[in-house]
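A.B. asks: So you can see what is in the structure, the chains are spelled out below.
Number of protein chains: 2
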Amino acid sequence: MTQIEAARQNKITREMRIVAKKEEIKPGWLRKKIARGLVVIPANRKHKNLDPIGIGFDLKVKVNANIGTSPTKSNAQTELDKLKIAIGSGADAIMDLSTSKDIDRIRKRIITKCRVPLGTVPLYQAVVEAKSVEKINIALYLDVLEKQAEDGVDFFTIHAGITQKALASVKKRTMKCVSRGGSFLLAWMKCHQEENFLYRHFDKILDLAQKYDITLSLGDGLRPGCIADSTDKAQIEELKILGKLARKARKRGVQVMIEGPGHVPLNEIEENIALEKKYCDNAPFYVLGPLPTDIATGYDHIAGAIGGALAAWKGASFLCYLTSKEHIGLPDIDDVKEGVIVTKIAAHIADIAKGNKEALARNYKMALAREKIDWKEMEKFTVDKEKFLKLRKQEVEKNKKLGKAKYCSMCGPFCVFKTFK
Amino acid sequence: MTQIEAARQNKITREMRIVAKKEEIKPGWLRKKIARGLVVIPANRKHKNLDPIGIGFDLKVKVNANIGTSPTKSNAQTELDKLKIAIGSGADAIMDLSTSKDIDRIRKRIITKCRVPLGTVPLYQAVVEAKSVEKINIALYLDVLEKQAEDGVDFFTIHAGITQKALASVKKRTMKCVSRGGSFLLAWMKCHQEENFLYRHFDKILDLAQKYDITLSLGDGLRPGCIADSTDKAQIEELKILGKLARKARKRGVQVMIEGPGHVPLNEIEENIALEKKYCDNAPFYVLGPLPTDIATGYDHIAGAIGGALAAWKGASFLCYLTSKEHIGLPDIDDVKEGVIVTKIAAHIADIAKGNKEALARNYKMALAREKIDWKEMEKFTVDKEKFLKLRKQEVEKNKKLGKAKYCSMCGPFCVFKTFK
Chain D
8 MTQIEAARQN KITREMRIVA KKEEIKPGWL RKKIARGLVV IPANRKHKNL
58 DPIGIGFDLK VKVNANIGTS PTKSNAQTEL DKLKIAIGSG ADAIMDLSTS
108 KDIDRIRKRI ITKCRVPLGT VPLYQAVVEA KSVEKINIAL YLDVLEKQAE
158 DGVDFFTIHA GITQKALASV KKRTMKCVSR GGSFLLAWMK CHQEENFLYR
208 HFDKILDLAQ KYDITLSLGD GLRPGCIADS TDKAQIEELK ILGKLARKAR
258 KRGVQVMIEG PGHVPLNEIE ENIALEKKYC DNAPFYVLGP LPTDIATGYD
308 HIAGAIGGAL AAWKGASFLC YLTSKEHIGL PDIDDVKEGV IVTKIAAHIA
358 DIAKGNKEAL ARNYKMALAR EKIDWKEMEK FTVDKEKFLK LRKQEVEKNK
408 KLGKAKYCSM CGPFCVFKTF K
Chain F
8 MTQIEAARQN KITREMRIVA KKEEIKPGWL RKKIARGLVV IPANRKHKNL
58 DPIGIGFDLK VKVNANIGTS PTKSNAQTEL DKLKIAIGSG ADAIMDLSTS
108 KDIDRIRKRI ITKCRVPLGT VPLYQAVVEA KSVEKINIAL YLDVLEKQAE
158 DGVDFFTIHA GITQKALASV KKRTMKCVSR GGSFLLAWMK CHQEENFLYR
208 HFDKILDLAQ KYDITLSLGD GLRPGCIADS TDKAQIEELK ILGKLARKAR
258 KRGVQVMIEG PGHVPLNEIE ENIALEKKYC DNAPFYVLGP LPTDIATGYD
308 HIAGAIGGAL AAWKGASFLC YLTSKEHIGL PDIDDVKEGV IVTKIAAHIA
358 DIAKGNKEAL ARNYKMALAR EKIDWKEMEK FTVDKEKFLK LRKQEVEKNK
408 KLGKAKYCSM CGPFCVFKTF K
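Order-wise, the sequence lines are chains D and F. Note that the numbering used here has the first sequence beginning at 8, numbered continuously upward. Note that the numbering used here has the second sequence beginning at 8, numbered continuously upward.
By construction, these hints were calculated from the structure, which means they are not laboratory data. Note that the structure is predicted; figures quoted are calculated from it, not measured. Watch out, some of these pointers could steer you wrong.
Where chains are identical, the list cannot tell them apart; a pair therefore holds if satisfied intra-copy or between any two copies.
[Stated by the list, open to error] Here are the computed lysine-lysine pairs in the DSSO-like style, where the Cα-Cα straight-line distance is at most 30 angstroms:
no.	residue 1	residue 2
1	LYS405	LYS394
2	LYS154	LYS258
3	LYS407	LYS142
4	LYS361	LYS284
5	LYS179	LYS425
6	LYS285	LYS321
7	LYS405	LYS108
8	LYS240	LYS321
Build the full structure now, drawing on both the sequences and the hints.
C.D. replies: Laid out in structure tokens, this is it:
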């Protein structure tokens with residue numbers, strides 16, 4: 008039985024109990040949300056070392072970090088180091104997006120070290136194995152799915168929503184397609200003059216997902232790649248199809264979430280969330296950013312955090328991080344750390360805005376520590392202890408007086424907490 | 008005549024013409040907004056090398072960078088270097104918040120190099136000169152004002168809104184006062200058991216501001232210092248008083264803007280903007296952040312950009328940057344650069360959301376360059392050319408193939424713009 012099947016039969020699974028405890032909610036409440044598809048617990052039965060998390064309605068906002076090789080930058084150890092730092096920095100889930108030749112080996116090594124849910128885009132491996140986009144077919148694709156499922160992958164991005172119908176709207180765009188999976192499928196459809204094989208054979212994908220309890224993350228191959236294309240016809244047509252596929256999946260006992268944009272101006276983010284909720288029956292929304300500007304190269308993790316905080320406050324449940332290398336290269340280890348922390352801050356800001364008690368309590372304790380100028384106490388509640396300690400150490404080393412007097416170099420003896428009590 | 012006096016007499020000043028050209032709006036339209044106090048042009052007649060800017064209603068969102076020494080970190084050359092990098096990175100205004108002993112000398116040196124509006128908090132110099140908070144008095148304070156006005160300072164932060172009435176609400180707070188100016192005044196009021204001398208002698212301050220056309224930035228000495236105190240009685244009581252003082256200022260022909268919070272959760276930002284507009288008759292709102300979390304030490308510039316983007320979209324006109332050193336020390340040169348750029352991104356994101364044509368056109372051109380994988384063209388529109396070039400250079404140096412093929416190491420030959428056209 009999958010989590011959603013168990014929930015519908017009034018069964019509270021081990022995973023539900025763990026998630027309920029983490030979120031400080033009642034298992035029965037969680038079970039109901041899972042039964043209705045409002046919360047998912049991505050947990051492949053084969054993922055032995057998994058510490059499960061819940062994603063969706065009113066749970067704390069979760070953050071995903073993408074790692075993985077590319078054809079021009081491929082070193083398994085580097086990716087394992089990224090995995091470690093991402094989880095250490097608070098990533099709630101990891102996606103291995105490797106596209107080099109040794110995908111199987113890298114994934115197997117990653118999963119043994121990955122206690123958080125692991126996701127993939129199986130189409131990438133299908134393309135690498137087929138050696139060209141045109142040669143992919145459903146049999147090869149299902150082989151890849153089975154292989155990855157056996158290894159314990161917890162969620163699959165499936166770009167089944169791009170159909171022939173969308174082609175006319177895609178042609179009208181400023182940037183036709185910025186999704187790697189989406190561009191593979193569009194190229195395949197153009198070459199074969201056939202319907203997207205993921206859409207046609209969606210039932211077969213569901214069979215496999217149900218067998219392992221793999222959560223499907225329905226990919227937005229047509230996410231807008233620039234502000235000019237935001238919330239356009241191509242995007243919304245695909246979203247509606249994703250909604251239909253999500254209903255199919257839930258009917259078959261498969262957990263499902265929906266992937267979302269992309270480049271979206273701040274004033275369209277709330278509308279984007281509302282459309283997803285409407286067309287996809289409130290399935291958990293997994294957004295990439297959103298990026299509310301196109302020009303922040305080198306700072307896209309920050310622009311993404313601005314969009315992500317607003318999106319999560321308005322109802323997105325899962326934020327995919329961006330790194331400072333977005334649009335310019337594959338991130339290195341430091342980029343991964345910074346990307347995770349900045350996105351965790353966005354998620355936390357949304358949790359506060361939504362009134363999450365744990366988030367508010369942590370902020371309150373930080374405020375008390377700050378008023379007492381108690382650096383030891385502040386260290387407990389700050390988002391990145393390592394950076395906090397480094398910065399404070401620099402301060403005190405430069406000026407011994409600061410350490411004794413407790414204040415910092417911003418105001419020195421004019422410290423507000425010393426001036427007026 | 009001040010800008011607001013000229014505007015009311017249907018006169019279009021040289022400064023109005025310059026600002027209208029920069030904003031691509033009609034000078035007559037701008038004049039009307041200035042006459043009503045919806046836009047200010049901080050431009051002290053004595054600031055000879057000033058390139059004026061407008062702040063307020065429907066103009067592009069502006070960014071201020073704070074620089075200046077502290078008693079424990081004081082080097083004039085460092086502050087001049089910060090000034091240069093802040094302006095070079097796009098800061099629209101600078102505040103010199105020096106609190107070391109040689110304030111006059113530092114300010115004079117800064118102003119000769121400062122072609123953007125320069126602001127100060129004159130109370131800081133008054134405290135430094137009086138050698139203790141208790142010894143300040145209005146005569147000494149007015150001397151400081153006159154001296155700074157003569158040097159060409161364009162806007163003064165005046166914490167005239169903290170009154171005896173607020174003391175009861177302040178006592179109830181988690182963090183009583185986190186404004187340096189505010190804490191000085193509270194300490195002074197407590198010591199002398201008298202009303203705030205800036206409030207009592209506000210008319211004298213107006214005389215001087217009118218004489219030089221110095222814009223008053225009415226300071227929020229009681230801005231909330233943590234999420235727990237956000238939008239509380241102390242803050243709103245002060246805001247109402249600032250509104251009354253703003254009306255007084257405008258009546259006397261003095262330009263005025265209002266300073267705002269501070270630590271505010273995302274879900275209260277829009278309300279905060281609305282309250283300012285209501286109580287202060289839509290005076291330009293100058294916000295510090297807002298910071299939607301207390302725990303982002305080391306990343307407060309990013310948390311501030313998240314709050315700032317939302318605030319500016321909803322109607323704040325002027326964003327004061329935060330740096331990564333906020334709450335932990337005085338920023339160094341790199342912190343200043345990063346702080347300015349991140350805040351400029353927030354301002355730009357708000358401009359896009361508000362439909363600013365120039366901002367949208369820039370994003371559109373970036374999108375076209377990106378689809379063509381034209382790195383030379385992207386360089387023209389990206390937010391930080393220096394970082395962009397550095398990152399691209401690193402990519403190409405690591406792998407010559409990337410340079411030739413034009414793509415980056417994220418997808419390599421699987422580049423979406425090569426896969427599907």
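A.B. asks: Each hint should be assessed against the structure and marked as holding or not.
C.D. replies: Results of checking the hints against the structure:
In the homo-oligomer, the alpha carbons of LYS405 and LYS394 lie at most 30 angstroms apart both inside one protomer (17 angstroms) and across protomers (29 angstroms), since each shortest distance falls under that limit. In this homomeric assembly, LYS154 and LYS258 come within 30 angstroms of each other (Cα to Cα) only inside a single copy, at 25 angstroms, whereas the closest approach across copies is 76 angstroms. With identical chains, the CA atoms of LYS407 and LYS142 are at most 30 angstroms apart between copies only, with a shortest distance of 29 angstroms across copies and 67 angstroms within one. Both within a single protomer and between protomers do LYS361 and LYS284 lie at most 30 angstroms apart by alpha-carbon distance, with minima of 17 angstroms and 25 angstroms respectively.
Proximity of LYS179 to LYS425 under the C-alpha cut-off of 30 angstroms is restricted to the inter-copy arrangement: shortest distance 18 angstroms between copies versus 62 angstroms within a copy. With identical chains, the CA atoms of LYS285 and LYS321 are at most 30 angstroms apart both within one copy (14 angstroms) and between copies (26 angstroms). For the identical chains of this complex, LYS405 and LYS108 are inter-copy neighbours only, at 19 angstroms across copies versus 50 angstroms inside a copy, given an alpha-carbon limit of 30 angstroms. Taking CA atoms no more than 30 angstroms apart as the test, LYS240 paired with LYS321 passes in both settings, with 22 angstroms inside one copy and 27 angstroms between copies.
Of the numbered hints stated above, none is contradicted by the structure.
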